[in-house]
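Make the full structure from the sequences, and use the hints.
Protein chains in written order, with the numbering used here: chain A, 133 to 328; chain B, 126 to 297.
Heads up, some of the hints might be wrong.
[To be verified] Pulled from the structure, derived: some chain A residues nowhere near chain B, Cβ distances all over 10 Å: (1) P136; (2) N142; (3) I148; (4) F217; (5) P219; (6) A247; (7) D266; (8) V270; (9) I278; (10) S309; (11) H317.
[Stated by the list, open to error] Just some of the chain A residues that point at chain B, by a computed CB distance under 7 Å: (12) H204; (13) K233; (14) K234; (15) S267; (16) Y283.
No lab work stands behind these hints, which were simulated from the structure alone.
The structure displayed is predicted, hence computed values, not measured ones.
We put the CB at the ideal spot given by N, CA and C, even for glycine.
Below, each chain spelled out in residue letters.
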Amino acid sequence: MARPVRFNVNPQNPKISDAIGFTDLPEGLEGEGFYATKFEKIVGLARKNSIWPLPFATSCCGIEFMATMGSHYDLARFGSERLGFTPRQCDLLMVMGTIAKKMAPIVKQVYLQMAEPRWVLAMGACASSGGIFDSYSVLQGIDQIIPVDVYIPGCPPRPEAVLDGVIRIQDLVHNESLRRRNSPHYKALLNSYDIQ
Amino acid sequence: MEITTQYIQDRLLEKFGKEISFLLDPYEMLNFETPKDKNLKVLQFLFDDEILRFRFLIDICAVHYPDQKGRELAVVYHLHNLQDNVRIRYKIFTPIENPDIFSATGLYQSANWMERETYDFFGINFVGHPNLKRIQNVDEMDYFPMRKEYPMEDQTRIDKDDEMFGRGSSVL
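Encoded structure:
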């Protein structure tokens, strides 16, 4: 019986342009020898494509995240190649899994140790709302202790959903005003979480 | 010599007489009860006796029976004789208003964390325990979550729809 293997009998040399993605230029003034745009847009573009995630994985969502980082789904394609395991270097806190009430101060401390600008992604039902653990010992969503930018639903979410969540974070990063972190609105948000 | 359930019963009756009462023995595992102030004497006897040799404390746990007036909380000791591979279960009952029980930490080192856990979840006050504070729940918790007057569910959240969790008004 023939093995279900196919050989590429007409191989083509790959074109480098197929393997590299280019982002569109942000809108601006363009002419011969110059291009002018807003500083904010360039910063957003640079930040968006070089997010360093900090995985805070406590349970099965962390396993899905490992798949997301693996070669099959490969979060690195979206500019998040480099996971940092120190909060001081990272931009994106990814909370994946059940956070018990006893763990809550640690999550908050990790968030506080991150430098601005920082984003938070809550992955899965437990991190978003406590999930099935509607119980005296489980934090009912990490948004009780830190502000969250993007929630990924699912129990656990598939790697595609994680990619989608990261892309939505990228959209936020891309479109964020450089002044947002100094705005009274943002300070009021942090104050509502007792963060100075 | 083989240690039978009957033999342990006879020895306990001989030593403690009427203070011992025997409960049902599910799966032929001896299960008995004494007044709560006798717990250390009974445990010491079972530990020291040259034949019984119950020197391994497997577990301490508690049960809340809200319907039994004056005997609401049960503390259960699971003991094991490692040489002869015999297990027994020993229960004491205490009223919920006065959950003071002598600590077994002097006899078994392993009782230390087990009694802290039992305190944490049921609020049993182990008199003589060296460090009786919460071990598993957050320190700020102000109730004993496994007692049945408290609901299991977290009460801080208002956006969870009870209908979705099978305990809404339409569920019988």
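Each hint, compared with the structure:
1. P136: The assertion about P136 (chain A) holds, with a minimum of 45 Å to chain B.
2. N142: Holds: least Cβ distance 56 Å, greater than 10 Å.
3. I148: Label holds. Min Cβ-Cβ 50 Å, cutoff 10 Å.
4. F217: Since the minimum Cβ distance to chain B is about 26 Å, F217 (chain A) lies beyond 10 Å and the statement holds.
5. P219: The claim holds: P219 (chain A) sits with its nearest Cβ about 22 Å from chain B, beyond 10 Å.
6. A247: Correct as stated: the minimum Cβ-Cβ distance to chain B is 28 Å, above 10 Å.
7. D266: 5 Å, violated
8. V270: 7 Å, violated
9. I278: 16 Å, holds
10. S309: Fine: 30 Å to the nearest Cβ keeps S309 (chain A) off the interface.
11. H317: Consistent with the label, H317 (chain A) stays out of reach of chain B, its closest Cβ about 23 Å off (over 10 Å).
12. H204: Since the shortest Cβ distance to chain B is 34 Å, the answer is violated.
13. K233: Holds, about 5 Å.
14. K234: Where the cut-off is 7 Å and the nearest Cβ of chain B is about 5 Å from K234 (chain A), the hint holds.
15. S267: At about 6 Å, which falls below the 7 Å cut-off, the nearest Cβ of chain B leaves the hint on S267 (chain A) intact, so it holds.
16. Y283: 13 Å, violated
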